[in-house]
Structure formats: C-alpha cells, structure tokens
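Work the whole structure out from these sequences, hints included.
2 protein chains.
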Amino acid sequence: MRVDKRWSTRLHARSPAIEHALSPSRGSSGGDATVLWAICFFCGENSPPTFPPPDVEKGHDQISRLITSQSSSPAHEARLQSRHNLVTNTSGLAPGYLQANLLILPSQHARQFHDLCLRNPVSCPLLGITSPGDPHTVRPAACIQHPDFDLRTDFPMYRVYQHGKYLGSRRDLRDVWADDYVGFLIGCSFSFEDALTGAGLQPRHQKTNTIVAMYRTNIPLLPAGIFTNATCIVSMRPYRPEDIERVRDVTRPYLATHGEPVGWGWEAVERLGIRDVHHPDFGQPQVFEEGEVPVFWACGVTPQMAVEAAGDKMEGLVFAHEPGHMLVTDWKAGDLEQLGKGSFD
Amino acid sequence: MRVDKRWSTRLHARSPAIEHALSPSRGSSGGDATVLWAICFFCGENSPPTFPPPDVEKGHDQISRLITSQSSSPAHEARLQSRHNLVTNTSGLAPGYLQANLLILPSQHARQFHDLCLRNPVSCPLLGITSPGDPHTVRPAACIQHPDFDLRTDFPMYRVYQHGKYLGSRRDLRDVWADDYVGFLIGCSFSFEDALTGAGLQPRHQKTNTIVAMYRTNIPLLPAGIFTNATCIVSMRPYRPEDIERVRDVTRPYLATHGEPVGWGWEAVERLGIRDVHHPDFGQPQVFEEGEVPVFWACGVTPQMAVEAAGDKMEGLVFAHEPGHMLVTDWKAGDLEQLGKGSFD
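Protein chains in written order, with UniProt numbering: chain A, 1 to 345; chain B, 1 to 345.
Be careful, since some hints might not be right.
Where chains are identical, the list cannot tell them apart; a pair therefore holds if satisfied intra-copy or between any two copies.
[What the hints assert, rightly or not] Below, in silico cross-link-like pairs of lysine to aspartate or glutamate (EDC-like), each with a Cα-Cα straight-line distance of 20 Å or less:
| id | residue 1 | residue 2 |
| --- | --- | --- |
| 1 | Lys313 | Asp249 |
| 2 | Lys207 | Glu290 |
| 3 | Lys313 | Glu245 |
| 4 | Lys313 | Glu242 |
| 5 | Lys165 | Glu292 |
| 6 | Lys313 | Asp180 |
| 7 | Lys165 | Glu245 |
| 8 | Lys165 | Glu267 |
| 9 | Lys313 | Glu270 |
| 10 | Lys313 | Glu292 |
| 11 | Lys165 | Glu308 |
| 12 | Lys332 | Asp194 |
| 13 | Lys165 | Asp281 |
| 14 | Lys332 | Glu245 |
| 15 | Lys207 | Asp243 |
| 16 | Lys207 | Asp148 |
Hint data in this document are derived by calculation from the structure and do not stem from the laboratory.
Every value quoted in this text rests on a predicted model; they were computed, and no experiment measured them.
Shown next as structure tokens:
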C-alpha cells in the first residue's frame, strides 16, 4: 500500500468568491492568499503550508501504525488512512477492492442526477448512494460495511463547486455539510487496474507513480433534467497496439467501473475531440514508449462536467472528489463483475 | 386499435445474396424479381402481391373478430393481430402497454450484445431476453405472460441481416430460425406516446397516421466486444419551443423506453449530425407546423446500426424488427416507470 505519510504540499488560491461561499474551514489559516485546507482529525492538528517538521512526521507514523492495527480489512485501512490525510493518489491502494468517485449535491437535484447516472452508466456507474443528510450510511450496505464511515472525510481530497464553478479543494467536508445532502459513489477505473497488472498490462501511471491523465471529450453525456449539454471525461493509459484486444478483454467484465475502453489509437484522439494528449485536463501527462498508442476509458470525473454545465440551475454548494483521490469501498472486483452483468445469467 | 385488415403492399427486391442466404420462405413466390414475404399462419394462405380479393378480406375480418374474442388483454390481442399479419404501424396500438424493438442473433454474440445494451441503455434499454433457441419464453416472465408467444411471428415485420448487410424484410422467421438464436427485446418510444397524448402533446405521426421519422446521428454507441464504431439512431417529433420542457418532463420517467429527449431545437440537427430533417433515414417525413422545432429521442433501431458496423465479425443471419413495426409486450407503463428508476427509492 502506497501511503503518503507527510502532508500534501498542494496549495489552493482562495478567491473572494470562496470566502463568500464557504463557511470557515477548521483547516484554513485565516486571510492568507494561499492556504492548504487540510486538517488531521485524528490528532486535531492543522496542516502546515509545507512539509511538517520531523516530530509531526513521527506522530503520523504512529497514527499509521495505529490505523493498521485497528482496521479490519485493507479497504477499511485505506479509508482510515484517507480520513487522517495520510493518502494522496489512491491508484494501486487496497488491491482487489473497488474504488469510487464522488458527487454530493442538495437533495432537490438528486433525482435528476440519479437519472443522469442511469442514462450514462459507462461514465457514471453507480456503486452506492447515501440518504439525504446521512453521511454514514451507504445503500446498498455491501458497498461500505463499517459503521465508522464518514462520506465527508473518507476521501483523501474534495473539490467544491458553486453554480457550476470550481471554487477550491479541501481535505474534509465536515463544516460545510448540510442536512439534505445526498452522496453518489460512482465506479472508478482504478478498480480494474489490478486485473490489468495481473495480466502483465500494468498501467503506466502506476509504474511512474503519477496520477492518471484525464481529458475532456466531445462524447455527449445524455441529458437528464437540469443536467444538459455536458460531455464525458476519459482517462488514458498507453499500450502497444498488439495488446489492445487483450486490454479490452481484461476490462470488459468491469461494467460497473467503466468497463472496456471507449476509444483507442491515435485516430481516436481527434474523433473524441481531445485537444492534446500530452497536456491532460486533469491528472498528469503520461510517457509513451516506442510504438505505444493511447487507450481511453470513460472516467468518473464526468459528473463534475455535468455540474459545470448545469451552472446557475444548481442551488447550493456541490462537492466532488479531487481527481485521482478516490474512496476505497468494500465492494470487491468479484462482486461488481457479477453485478454489472445484469440479469443475463 | 388501428389494424390494417388487408395485406401490406410493401414489396422487397430479392437479390441473389438473399437467395443464397435465406432458406426458402413459405411466404415467397418462387423466382419472382419482387416478392412479398408474407403468410397468414392463421389461415395458411400465402399473401398475394396486391390487395387481396374481397373474399379474403372478409376472411380476415372473421379472423380479426376471432382474435378479439380469444385474446385475454389488449396486448395479447395486438400480438395475435401482428402474428396474423393484420397490423402494420404499431404506434398507438394497445395504449398503456410498452412496445419493444427486436434484435435476434446467434448465441456466440449474445454476451457482447448484452454488454452493448447495458453500456447504452438510452438507445438500447432491455425489456426482456429469450433463452438460446427458445422463441416462446421471455425473461423476466412479466414481459410476456402468454404461453402462445412466438418471437418469430409476433412482430408485424422483420428485417434480415447477414455480415452487417440488410438483405430484406419478411413477415415471419419460422423457417430461418436456428436452435441457438437469442432474442433481445428493447424498449420503444411508442411506449410514452400515450402519456404525451394524455398531456395534450399527441405526437404528429399519430395524428397523420404515418411512421415516426428516424435519423442516423453522430452520437457514439459506446463499444462492447465486436460492436464498435456504431452511432445512435433517433426518432423525431415536432413540438413548439414553449412545450419542450413539458415534453421532457412527461417522457423523463420512461427510462426503460428511451426516457427524455437527447436533443431539441434546430441547432440540435447539426450538433447530432443529422443530414436533413425532411428526409429521414427510416420511417416517414413529418410535417412541421408554424414555429415548431424538432425534438429527438434515442431509438431502438440503433442495435441494427451496431449490427451493420460489426459487419463480417458477425457469423450467421441476424434478425431485427422493421422500423415502426414493434412487439406489444405485457409490461405496462406503470411497471417500467418504477423499474427504470433503479434503486433510488
């Protein structure tokens, strides 16, 4: 398990709009122009703007050991590590467990967002939903099986939107949570990366310890209610052309976590309307080795595009995960492979 | 119930490819250059190439009355009428019952076609599936509740494909059926037309007794296995701009029969890559009244585009419904409205 035992150094510019929109964060440091919105809720300590001093690092080593001893499964351990801000990139974390993207929005928009997911299951496959105002209980119960779960803290990093605009990112949502928020957990392609690795097709970003590259495309997200005029996000992994059919075969069963690719080869770049493969819209650029071509999968960042496109039609703050910073669920690959096949068998 | 009590006059050119590909049809008339492949399996009579003489018409009136007396529901009656070739356009038939599109293909391709449906539920919402080689039993059983059902005869008209090429149309599939064929019943937008009519928004093609206009688009059908590089078909109904939000609201709950529109307004024509609204690719042109704009829904003819795109990758003959000539199922609007909503409630 790859765990970042030091505070992230990611800084976020805080605009007047954020000051206006967000209630004070326990992790903010007042009126600074840049601020790391992070706090360790295990030790109660605010995060510093740079790496912590050695004694803090030692303290987090102790926390990490305590979490390992108290967790009941690799998935539970990953959530506790995320809750205490000890994790950044979740790719490769808790192998065999399915990871989830996130969208949290006021209940008045939940029905239409749910319709959006049902109409666009390749981009937005549903793994679980929370009841309005309850951040601890996910349906179906098999998705998260530990009562200590907290939707507001158990992702490593969150993004905040208002009226379709990205305002900033933060480590937790406890002080901006409202009683009618509904959370949607959406399948993530990290879930099939173990299977790719097992087939000798390890994704490049795992080898290079980077965040997978993600791009805006022209694939329409089929509209539902206020969610109109959005397009899909894709993630990209480089492969040799002769491996693509095997890559498709390995990922095909994972219908509930984006399944097989939506496009492949250099010709797909233009067809999908991707501006520049070497400059992703989210995540980090990936290195292409000799002869490799890009292979694109639908991506769970797509709901954030639906929120952007909805703009002023959405009331209240909306929250999402930071790309690459997922929730590790208690679903296992075996569960969802079967579930995703529907009623055919 | 609108029933055509006379034989259809639709004639189909029969090419050498069809002669080669299809086993002799009981309804064909030998080596004619054009032939109506139709037979009444109630009276055993081959269909003539023109309207039948008065005594045959009188005979079909008797058949129609017999069917009405023996059927147990409007849906059952519609299937019996279709089986005996007394129905053409099924729009408006058996109000309140859901109608289905069809694709039948060899079982070796069934898994990947099933994946295609699950990945593209707006175009290809599944209402039911038959077991390999069994044309009488549909899962789930609620879809078709009468044991006399026959997938090979209960659509008014079928299309035949080989290697992705349309070969011709015929009234039944009994003599081309093979033991490993699997049938997929796919939701049809005719199902929500009763609701539109009930809201004072009756579709134009019902008023004019024409077949709804259908178009090829650039909306990608997300790939599954051999089914790659296909795009979606849409159906179109003209409405006034001020009615569109109400049209969206009325059709939104029908997730399992294409749901709300995928595009609307004249600007959508270019965005969806439709060549000419006044020259549909399937069905019949629709009249626009002053100020009306086109409203587009995903269409269950889309699977036929997937078959065309798969081309030589598909072994054996493939069958589909003739556009506008659907199966009336035993699902009712109330059933599917709830089913289509998934597990949210």
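Taking the hints in turn, this is what the structure says about them:
1. When the C-alpha separation of lysine 313 and aspartate 249 is checked against a cutoff of 20 Å, the pair qualifies only between copies, where the shortest distance is 16 Å, while the shortest distance within a copy is 40 Å.
2. In this assembly of identical chains, lysine 207 and glutamate 290 lie within 20 Å of each other by CA distance solely inside one copy; the values are 16 Å within and 62 Å between copies.
3. Taking identical chains as interchangeable, the C-alpha atoms of lysine 313 and glutamate 245 lie at most 20 Å apart only when they sit on different chains, with a minimum of 14 Å there against 42 Å within one chain.
4. Within a single copy, lysine 313 and glutamate 242 get their C-alpha atoms only as close as 46 Å, which misses the 20 Å cut-off; across copies the closest is 18 Å, which meets it.
5. Proximity of lysine 165 to glutamate 292 under the C-alpha cut-off of 20 Å is found in neither arrangement, the shortest distances being 36 Å within a copy and 34 Å between copies.
6. In the homo-oligomer, the alpha carbons of lysine 313 and aspartate 180 lie at most 20 Å apart inside one protomer (17 Å), although the nearest pairing across protomers, at 50 Å, exceeds that limit.
7. In this homomeric assembly, lysine 165 and glutamate 245 never come within 20 Å of each other (Cα to Cα): the closest approach is 39 Å inside a single copy and 25 Å across copies.
8. When the C-alpha separation of lysine 165 and glutamate 267 is checked against a cutoff of 20 Å, the pair qualifies neither within a copy, at 32 Å, nor between copies, at 26 Å.
9. Within a single copy, lysine 313 and glutamate 270 get their C-alpha atoms no closer than 31 Å, and across copies no closer than 25 Å, so neither meets the 20 Å cut-off.
10. Proximity of lysine 313 and glutamate 292 under a CA criterion of 20 Å is satisfied in neither setting, with 42 Å inside one chain copy and 25 Å between copies.
11. For the identical chains of this complex, lysine 165 and glutamate 308 are intra-copy neighbours only, at 6 Å inside a copy versus 42 Å across copies, given an alpha-carbon limit of 20 Å.
12. Taking the shortest alpha-carbon separations for lysine 332 and aspartate 194, only the intra-copy value of 11 Å comes in at or below 20 Å, while the best inter-copy value is 43 Å.
13. Taking CA atoms no more than 20 Å apart as the test, lysine 165 paired with aspartate 281 passes inside one copy only; the shortest distance there is 16 Å, against 40 Å between copies.
14. Within a single copy, lysine 332 and glutamate 245 get their C-alpha atoms no closer than 24 Å, and across copies no closer than 41 Å, so neither meets the 20 Å cut-off.
15. Taking the shortest alpha-carbon separations for lysine 207 and aspartate 243, only the intra-copy value of 17 Å comes in at or below 20 Å, while the best inter-copy value is 54 Å.
16. Neither within a single protomer nor between protomers do lysine 207 and aspartate 148 lie at most 20 Å apart by alpha-carbon distance, with minima of 33 Å and 59 Å respectively.
Comparing the model with each earlier hint shows violations of hints 5, 7, 8, 9, 10, 14 and 16; every other hint is respected.
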